[in-house]
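> Each chain is listed here by its residues.
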Amino acid sequence: MLATLPYWGVSLIRILGGIVAVLLPAGSIVYIFLFKMMSFMQSRLGPMEAGPYGSMQLFAEVGKWLQKEDLAPDGADKRLFKMAPLIVLASTFLLVAVVPFGPDAWFTNFEAGVFYALAVSSVSVLGILMAGWSSANKYSLMGGLRAAGQLIAYELPMVLAVIGVVIQAGTMNLQQIVVKQNNDKIFGLHFLGNPYILTQFVGFIVFMIAVQAELTQTPFDMPIAESELVSGYMTEYSGFRFLIFFIGEFATAGVFALIASALFLGGWGVPFSWFGWHNIGDVANWMNVVGPLIMFVKMMIVVFLIMWVRFSFPRFREDQLQRFAWKVLIPIALANIMLTAILKVAF
Amino acid sequence: MAKPKVPGMFKGLGITFNTLVDTLKNGAATVQYPHEKESPPVRARGVIALREDNCTSCMLCARSCPDWCIYIEGHKELAPPRRAGGKPRGVNKLDRFDIDYALCMYCGICVEVCPFDALFWSPEYEYSEPKIADLLHDKTKLGEWMETVPEAPELESGALKGKK
Numbered sequence: 001m002l003a004t005l006p007y008w009g010v011s012l013i014r015i016l017g018g019i020v021a022v023l024l025p026a027g028s029i030v031y032i033f034l035f036k037m038m039s040f041m042q043s044r045l046g047p048m049e050a051g052p053y054g055s056m057q058l059f060a061e062v063g064k065w066l067q068k069e070d071l072a073p074d075g076a077d078k079r080l081f082k083m084a085p086l087i088v089l090a091s092t093f094l095l096v097a098v099v100p101f102g103p104d105a106w107f108t109n110f111e112a113g114v115f116y117a118l119a120v121s122s123v124s125v126l127g128i129l130m131a132g133w134s135s136a137n138k139y140s141l142m143g144g145l146r147a148a149g150q151l152i153a154y155e156l157p158m159v160l161a162v163i164g165v166v167i168q169a170g171t172m173n174l175q176q177i178v179v180k181q182n183n184d185k186i187f188g189l190h191f192l193g194n195p196y197i198l199t200q201f202v203g204f205i206v207f208m209i210a211v212q213a214e215l216t217q218t219p220f221d222m223p224i225a226e227s228e229l230v231s232g233y234m235t236e237y238s239g240f241r242f243l244i245f246f247i248g249e250f251a252t253a254g255v256f257a258l259i260a261s262a263l264f265l266g267g268w269g270v271p272f273s274w275f276g277w278h279n280i281g282d283v284a285n286w287m288n289v290v291g292p293l294i295m296f297v298k299m300m301i302v303v304f305l306i307m308w309v310r311f312s313f314p315r316f317r318e319d320q321l322q323r324f325a326w327k328v329l330i331p332i333a334l335a336n337i338m339l340t341a342i343l344k345v346a347f
Numbered sequence: 001m002a003k004p005k006v007p008g009m010f011k012g013l014g015i016t017f018n019t020l021v022d023t024l025k026n027g028a029a030t031v032q033y034p035h036e037k038e039s040p041p042v043r044a045r046g047v048i049a050l051r052e053d054n055c056t057s058c059m060l061c062a063r064s065c066p067d068w069c070i071y072i073e074g075h076k077e078l079a080p081p082r083r084a085g086g087k088p089r090g091v092n093k094l095d096r097f098d099i100d101y102a103l104c105m106y107c108g109i110c111v112e113v114c115p116f117d118a119l120f121w122s123p124e125y126e127y128s129e130p131k132i133a134d135l136l137h138d139k140t141k142l143g144e145w146m147e148t149v150p151e152a153p154e155l156e157s158g159a160l161k162g163k164k
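Top to bottom, those sequences are chains A and H. Quick note on numbering: the working numbering labels position 18 of the first sequence as 18, and the sequence is numbered without any gaps. Quick note on numbering: the working numbering labels position 118 of the second sequence as 118, and the sequence is numbered without any gaps.
Do not rely on the hints blindly, as some may be mistaken.
To be verified - Straight line, CA to CA, 20 Å or less: simulated SDA-like cross-link-like pairs of lysine to any residue:
id, chain 1, residue 1, chain 2, residue 2
1, H, Lys11, A, Ser312
2, H, Lys25, A, Ile32
3, H, Lys25, A, Phe115
4, H, Lys25, A, Phe240
5, A, Lys68, A, Phe240
6, H, Lys37, A, Leu45
7, H, Lys76, H, Val91
8, H, Lys25, A, Ser39
9, A, Lys68, A, Ser231
10, H, Lys11, A, Gln42
11, A, Lys82, A, Phe240
12, H, Lys37, A, Glu49
13, H, Lys25, A, Met38
14, H, Lys37, H, Glu124
Think of the hints as simulated: they come from the structure by calculation, not from any bench.
Next comes chain A alone, as it looks inside the complex (with noise of 0.2 Å):
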């Protein structure tokens, strides 16, 4: 079907997908998970009144947001300040853009894809940053330092993580990932295919603790503790910036875990052997449209990991914070590297 339009019709389809696959994973994390998980696992109902079970309510507060006033504190680096919601956002949409959905339901089919996919999400931290230092508040700039310091401690257990899956992929692309798990075997099985999460299981633990402090979600959420920092580097923005904010964090969510389903769930595929598919040539044209509901469902499930850890548990100590990132995952990651790759050499 793609290969019918014009370059440009092509162009404006894949950018009209990144904005859906962007939006549209944001909008039902925070209502089925935000506004419903978290109140039934706190024993009530949650919004009930804007529309039927409180499906409105996101556009309700959506419109609230909006008809705020855009504030800037008078001592505020007004131009920075102004800034850096926007560039927190950008990089969930630039982090997007190396998600498969289909064999040809991508944006860019990046050889590179996951080392790219690492160096963008690095730069929310530039935004947030900037947020915690234009702010002129003394908790927004220590919710900024403490981001900072936070976010580049976990980038590389994360990092460390993906390389496990690197190597046993021995690819970059997303999508040779992808492909790679679904037409793989494991233990001459062919039934399953190989989803990394089987071979990289530890990887997949250390990769989702790390994204969980990426993500500035609950145990790991000093960066923007309510009631020590009053929300940290968020604590001056108001109306459609704050929203911006918002909207990042769970649409950030949403991206990382496409990611984390496309690394270690199998991402769009279904194992290609049920088909008989033995390449990504084969693979029907009806994978573009299943595709993208799989990676919706695995998307959600991983996000159900990360909220459930995030509801059940209390905050961490800086400290604890910095020790568990240096003394526990990194070297488990590197260790896990070492085995996957005398693994790789010995098979």
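Fit chain H to the supplied structure of chain A, relying on the hints for placement.
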């Protein structure tokens, strides 16, 4: 057999997950307030009701009120004598008995201190007003709340022990 020890981390995840399932199956512990109402406990401190006939304008409640939110005015009247040929009795008539619920802090000292059983706690709680001045309620309004005062609950067993 002793249960195998589960690390606290997984126990915590289990608690939240079980609450999630329980809420989905049996409904939440909360009440959707404007649509359905919880009946407050019998001794709930909702609002103070006044039985006007019992009041003697003795001013004990007004004087003991820490917020000075009770306003009482009254005058003496002569009532006909109880027995034929007796002197007419002096009776205190209540002109005004207002409680300013904008000031009241629901300490209940007035209810405790009233020697004539004229003040009662009522569990009624829906009397908010858009204007703060409208929270000053007079004796007719306080008398209407008297209907919402529940019967005093039975004394607990052993409450009268040692009393003759």
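> Identify every previously stated hint that the structure contradicts and give their numbers, smallest first.
3 and 4
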